[in-house]
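Whenever a hint applies, use it, and build me the whole structure from the sequences.
Take a look at the letters that make up each chain.
There are 2 protein chains.
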Amino acid sequence: MAKKITDRSEDYSQWYQDVIREAKLADHSPVRGCMVIRPNGYALWENMKEALDGMFKETGHENAYFPLFIPKSFLSKEAQHVEGFAKECAVVTHSRLKSVDDGVEVDPDSRLEEELIVRPTSETIIWDAYRNWIQSYRDLPILINQWANVVRWEMRTRLFLRTMEFLWQEGHTAHATKEEAVEETERMLEVYRTFAEEYMAMPVKTGVKTESERFAGAVETYCIETLLQDNKALQAGTSHFLGQNFAKAFDVKFQSSEGSHEYVWATSWGVSTRLVGGLIMTHSDDQGLVIPPRLAPTQVVIVPIWKSDEQQENVLEYCDTIIEELKELDIRVKLDDRENYNPGWKFAEHEASGIPLRIAVGPRDLENHNVELARRDTLEKNIVDRDGLGERIEKTLKQIQIDLYDSAKKRIDENTHTVDSYEEFKEVIDEKGGFIYAHWDGSSETEEKIKDETKATIRCIPLNEGEEGKCMVTGKPSRQKVLFARSY
Amino acid sequence: MAKKITDRSEDYSQWYQDVIREAKLADHSPVRGCMVIRPNGYALWENMKEALDGMFKETGHENAYFPLFIPKSFLSKEAQHVEGFAKECAVVTHSRLKSVDDGVEVDPDSRLEEELIVRPTSETIIWDAYRNWIQSYRDLPILINQWANVVRWEMRTRLFLRTMEFLWQEGHTAHATKEEAVEETERMLEVYRTFAEEYMAMPVKTGVKTESERFAGAVETYCIETLLQDNKALQAGTSHFLGQNFAKAFDVKFQSSEGSHEYVWATSWGVSTRLVGGLIMTHSDDQGLVIPPRLAPTQVVIVPIWKSDEQQENVLEYCDTIIEELKELDIRVKLDDRENYNPGWKFAEHEASGIPLRIAVGPRDLENHNVELARRDTLEKNIVDRDGLGERIEKTLKQIQIDLYDSAKKRIDENTHTVDSYEEFKEVIDEKGGFIYAHWDGSSETEEKIKDETKATIRCIPLNEGEEGKCMVTGKPSRQKVLFARSY
Ligand SMILES: [Zn+2]
Ligand SMILES: [Zn+2]
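Chains as they are written, first to last, in this note's numbering: chain A, 1 to 488; chain B, 1 to 488.
Keep in mind that the hints were calculated from the coordinates and are not lab data.
None of these values were measured; they are calculated from a predicted model.
Pairs of lysine-lysine residues, derived as PhoX-like cross-links and limited to a Cα-Cα distance of at most 25 Å, are as follows:
hint, chain 1, residue 1, chain 2, residue 2
1, A, LYS57, B, LYS346
2, A, LYS24, B, LYS253
3, A, LYS327, B, LYS57
4, B, LYS77, A, LYS98
5, B, LYS334, B, LYS307
6, A, LYS232, A, LYS432
7, B, LYS57, A, LYS24
8, B, LYS327, A, LYS57
9, B, LYS98, A, LYS77
10, B, LYS451, B, LYS432
11, B, LYS327, A, LYS327
12, B, LYS334, A, LYS57
13, B, LYS57, A, LYS49
14, B, LYS98, A, LYS248
15, A, LYS98, B, LYS248
16, B, LYS346, B, LYS327
17, A, LYS410, A, LYS432
Shown next as structure tokens:
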């Protein structure tokens, strides 16, 4: 079989596209910058959603749904927000088409009085609603999350990592005190870190963004950042402390238990289908996708092999007992008994689509009371006893989850450097890439200069402050080292 | 406490709005015709989604996601489809705003070459993708469902029942043969019927639509129809056999196992947040929302009652044992121990929001080893023994589900009439409303005449054909009685 996936060492960007195509995760759509998420990709996103949704609910949040459209005037109510989001967005101006000779045309008579913006994020429409919901301290906190599609008119797109329309969740909370809101912001950052590391097996660094990289309208933006196989960083999730900015913009006050009227404190936080891109670039290899077992839609695939009808019957019966055993253990198992495809073809397909474990069963395995067990991550194959297979698989799935995390952690650690001079910084960023810790004087000018000269940005200012020092560029005092990288 | 919900007998439409407001299901939004689905409403929709999604997966379907935007030219590819859907829709014409003195304006330089339509339904964008996915009979069937938001520019909207943006699922399947596609259409109709009756406790009639009421682009539209408390019908779900119309419009052919190239057969089917409106108008009463237990986000609420601190401690401990027992039985239970609200206020709130069972526990209940158990549907209260409470509640929840269905069935049966003459028809429709079976000659002219004169439409042609007869209007031959009603 011809190799369908480009090697990473040859062309990483092409490899990424090949993996997505061969694993049937997504397609480009005829609408520039939008993607079609295929069943394999969507099932992965569904598992991510389910895990995150459970964590949100455990921390007291409820889901709700707000309108897709935002009146144009809403965007300009929060001064910084409009700067960040009004620029590139989808604008609805008309509400009707009319038939003409060769198709349909926009009916000029249907022009809207006020244009509508397809939401790039929902702070404004949500805070407009919160004004009606919040009167007293008894109405607080409001802890709401929304699963939705959003649109940002991106010029350079890449499947999952940056698309014009994407799926995400956005949490929007309202609190009586600053302390509570900051606590919530940090709590959700921790939820994201836990999800990334424990479900996606994707190690992340946490910290806050510099002023220039902050969310438009936020007082502080917390983030999780990971390092992908090509040594570029990916912002995988953000949690914003919004202060009273949106409460002031939408005039949302509450009566405190003492009777005073005060502005409400806010947070928002989100992760998106971009996580799927991060997952792919964290674990996959030249054979295709690798998915951590906790998120794999199918954890074990069974491929029966036979020649005669009699063999077929016996092999399938044997497989049935395995399926039953695995289902008892809540393992997501699938039998691939398609007759139109041969085993070799199936093996390649399951490898490309990243199923963590494959069991192959042929007539000889029946005789010997064995199965062949293959690990997707290591590509290791073993003949193992049918007895105790369920437990063995359960253990192996857990081990794969750990091994994937450990191996990603090792890769990221090896590609995280600390430098003392700007010269060393430029050398490392050019020759190795990766994460770099270095001192910075805290000014936007220096940050900008570094970005212009090296294409590296400050990914975050770590929360656990390190030692003081001197900025590698200006020599001015630096409170702590910050984390740099080139990024997606 | 002042009565916050208008009686149904007084003003049914106002009652509906009051229930939605008091149960905190949804709000009107500042975008005309769009709604904000509040946590209580969304949790109900989530439960519906979960049940339906399970049924879709059991029948072999997978979820996927297609773009929000459809290029304008796609809509005109299927001639009937464009007639039905191109008329009132949201049209994106620009991709950028620019800052001006007092806010933002649409940047005229960002005008799109081809306008984008916010999907009113996704047949066109999906069949464009299917062309790339389908080459051989081995690629069939494709059994895909999408959970999404869609937009139809409605002029007269009503929360849940008809909104400009709504949430729904749309199944889109592709098959090698006509028989398979028809079978799929009927299978999904049956899934919808089962869901409506077994989960929503909402009895429905099934049948096919007349030509004039058919989905734009369908060969046959199957539907489930229910009758609401005000004796108006509601179309609650549709399943369309699309023939080869979309395959021809988007040139989707497959190579059969014999080597010939043939157009693919299609179906599509959908239900939406409109179901929430149907649920409200099927079961609720003058006290507020009534939710069948199988879909209730909270099935049992416990209200502890105390005066002294010591009582509080003891009552809460007693409640804990109940919660533990109910959770063991997978019953969704919530403790309402808010200190800012008194028990009477809580009772009214839980009644308005439709929680099927309420347990009240005070100090005297502890002494007597009792609880007070109140049914939301019948408003019946009983002092019951603490021993065996879990089982009793489990049984009662099942009974409520049955009783709600039976009572809705009885109401619909009582309001379903059969008439022989047009005079009788007009009398019944004016004086009683409800479902009416009557003979019809099968022509669009007669259908139109009846609609003009009585505002009643043919809701469906029942699948189990009845006896032949003569049209009540024209006296021409009729193959069977069909089902009429005024509708939402
Ligand atoms: Zn180093
Ligand atoms: Zn009658």
